[in-house]
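S.K.: Between the sequences and the hints, there should be enough to build the whole structure, so can you do that?
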Amino acid sequence: MKTLINFICVLAVSFFFNSCKKNEEQVEFYLLKKRIISTEGIPVQQYAKMKNIKNFESAKYCSFDTVKKQLIYGGKFVVNQNDLQSEPLVTNDEVLKLDMEKSELILSESARKKISQINPSMKYGVQFVITVNKKPCLTGYFRSNISSYIYNWNYIGYDYYNNNIEAKRDDNFVIRQNADYEKWKPVLTNLKNYPEIIVALKNSNRLK
Amino acid sequence: MRKLYYLLIFIFSFSVLSAQEKLTKEEQARREKNIQAGNPFAKYGYKAKVATLSKGKYLEFHDLDSIVTIGTMRWHVDKNQIVGRIKIDTLNPDAQPIGDAPGRWMSPDPLSEEFPSYSPYNFCYNNPVKFKDPDGRAAITADGDFEPTKEGNLRVEKGDTPEKLKKEYGLVLTTGKDQNGNKFDFKEGDVLVLNNNMTRDVAQYDKSGVIEPESCHEAAYSAVKGLEINQNTAEVHSSLDGIVEGLSSSTATNFAKSYTQASSSSDAVFGKTITVFGDGAHSAVFYGTSNDGTNYYYSKNGNGGPPTISKESDLVNQYGSATYFNPNTKK
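Chains as they are written, first to last, in this note's numbering: chain D, 3 to 210; chain P, 1029 to 1359.
To be clear, the hints were calculated from the coordinates, so they are not data collected in a lab.
Note that the structure is a prediction, hence the values are computed from the model and not measured.
Note that the Cβ used here is the ideal one computed from N, Cα and C, for glycine as well.
Check the hints yourself; a few may be wrong.
Estimated spans, in silico, between C-beta atoms of each pair [what the hints assert, rightly or not]:
1. D:42 x P:1144: 34 to 42 Å
2. D:121 x P:1273: 29 to 37 Å
3. D:59 x P:1341: 25 to 33 Å
Here are the simulated lysine to any residue pairs, SDA-like style, with alpha carbons at most 20 Å apart [as the list claims (entries may be wrong)]:
4. P:1339 x D:85
5. D:137 x D:62
6. D:185 x P:1333
7. D:62 x P:1277
8. D:185 x P:1255
M.R.: Right under this line is the structure:
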């Protein structure tokens, strides 16, 4: 009987300590299973059908602003969990810090390498999502630094490396937006609009 | 011991003699005919000694007869008619390749990845007038071109002449002095300093470090109009390959109407041809071809990038294959 009481005590103490250990929130980067069309403007495919425009292949993933008569290459888009790839591109361990002032993510060397090897799409960019515990919080684009297309939604500029090209321009993963999609005038994204990410990184002492 | 030497000499002589190729009488006659095809004195009945590489195994002399072989046809050039057909004996290992068979490509060009715009079976970019290929590796310009430097100036290469400068770049320079009054006499390696809107753009970035925010397309359109890039000249926002009537601005659509796709870079004109890379991912302006066949471009690589003089192969690697567009006005 005494042994049983001792055993229960040990069990209780271990439960107590385990319950004190706080689960760290997982901040991860995911790529998407397929291209998501922007919610801004009207999808080009739809507009082309309405106006009987043929040969719009070169703008098929764009949206169209019917007021300004402009194509939107990198507009705001919304995703849900089903759109994410099964494995994250950047894991929680690889997100080291977030510099709020510069809107800059400081990532581990392995994460930087993975991002620099994403095959760039000069026109449309590569869509990504930052999740907190797999819940999509911030959507955006990986945009090649040598692209000439303007994204008015969140984007991270990166240099693509392969065996042939080693054009290094930017080592930082800064989240920016462009004021509009007509003139190139990038500004820093205000990350205060994404409180889940801030809280998650603050709780794990990763906010600079 | 002496007997052993005799035996060795006998074995050696026997093996040397037996190693000789044994030819049938017919084959010997055929080879002799092949050799004598190169005898220029045959019509005088003199059998001259003719130098051959294959000892008559292959026909090494061109047929100048009135009857020529085209494919498997025997064609009479005077009568303009077929006078016979050749049957290919696939079982005869000594049978000669006939007609156009020797001209067929036996394998794709091993350097074809360096020239993604061309078929891997082309010769001299399908333009043997402009290019030559002396070592079989890659085509080079037949009569020399200037090599653009990274500043956009022109380095003189072998064969470069004032006529060439006028033809390729529209520059008249025969006095022995360049536009800046410096001595310049077309010596190989000399650099001709240019002063045009593109060189000024490149130099402006080098000096100030300030990058104009225009896209590659806007920079290219400014350049072909003879303008330097700045906010006022940035009118066209779309690549020539990506302009869709009804979706693109009227300025861009009108601009596209004044351009026509060219078949290859050999039709490209300095400062006039806009080349589109990838699926409209990038636009750049043709800036000449050096002696080794490398095409150069005035290219602003991205909104955040400086204007540069870049090689076509680098742009193809970064953005994708090249398509050339010439202005509708004649060269």
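S.K.: Mind checking the alpha carbons of residue 62 of chain D and residue 1277 of chain P for me, to see if they're no more than 20 Å apart?
M.R.: 17 Å, holds
S.K.: Do the Cβ positions of residue 42 of chain D and residue 1144 of chain P conform to the proposed distance bound of 34 to 42 Å?
M.R.: 35 Å, holds
S.K.: Against the range 25 to 33 Å, how does the distance between the Cβ atoms of residue 59 of chain D and residue 1341 of chain P compare: consistent or not?
M.R.: Since the Cβ atoms of residue 59 of chain D and residue 1341 of chain P sit about 26 Å apart, the hinted range of 25 to 33 Å holds.
S.K.: Next pair to validate is residue 137 of chain D with residue 62 of chain D; report whether the Cα-Cα distance is within 20 Å.
M.R.: 29 Å, violated
S.K.: Given the proposed pairing of residue 185 of chain D with residue 1333 of chain P, does the C-alpha separation stay at or below 20 Å?
M.R.: 15 Å, holds
S.K.: Residue 185 of chain D and residue 1255 of chain P: Cα distance at most 20 Å?
M.R.: 19 Å, holds
S.K.: Would the hint linking residue 1339 of chain P and residue 85 of chain D be met if the CA-CA limit is 20 Å?
M.R.: 40 Å, violated
S.K.: Is the distance from the Cβ of residue 121 of chain D to the Cβ of residue 1273 of chain P consistent with 29 to 37 Å?
M.R.: 31 Å Cβ-Cβ, so the 29 to 37 Å window holds.
Consistency note: the structure conflicts with the earlier hints numbered 4, 5.
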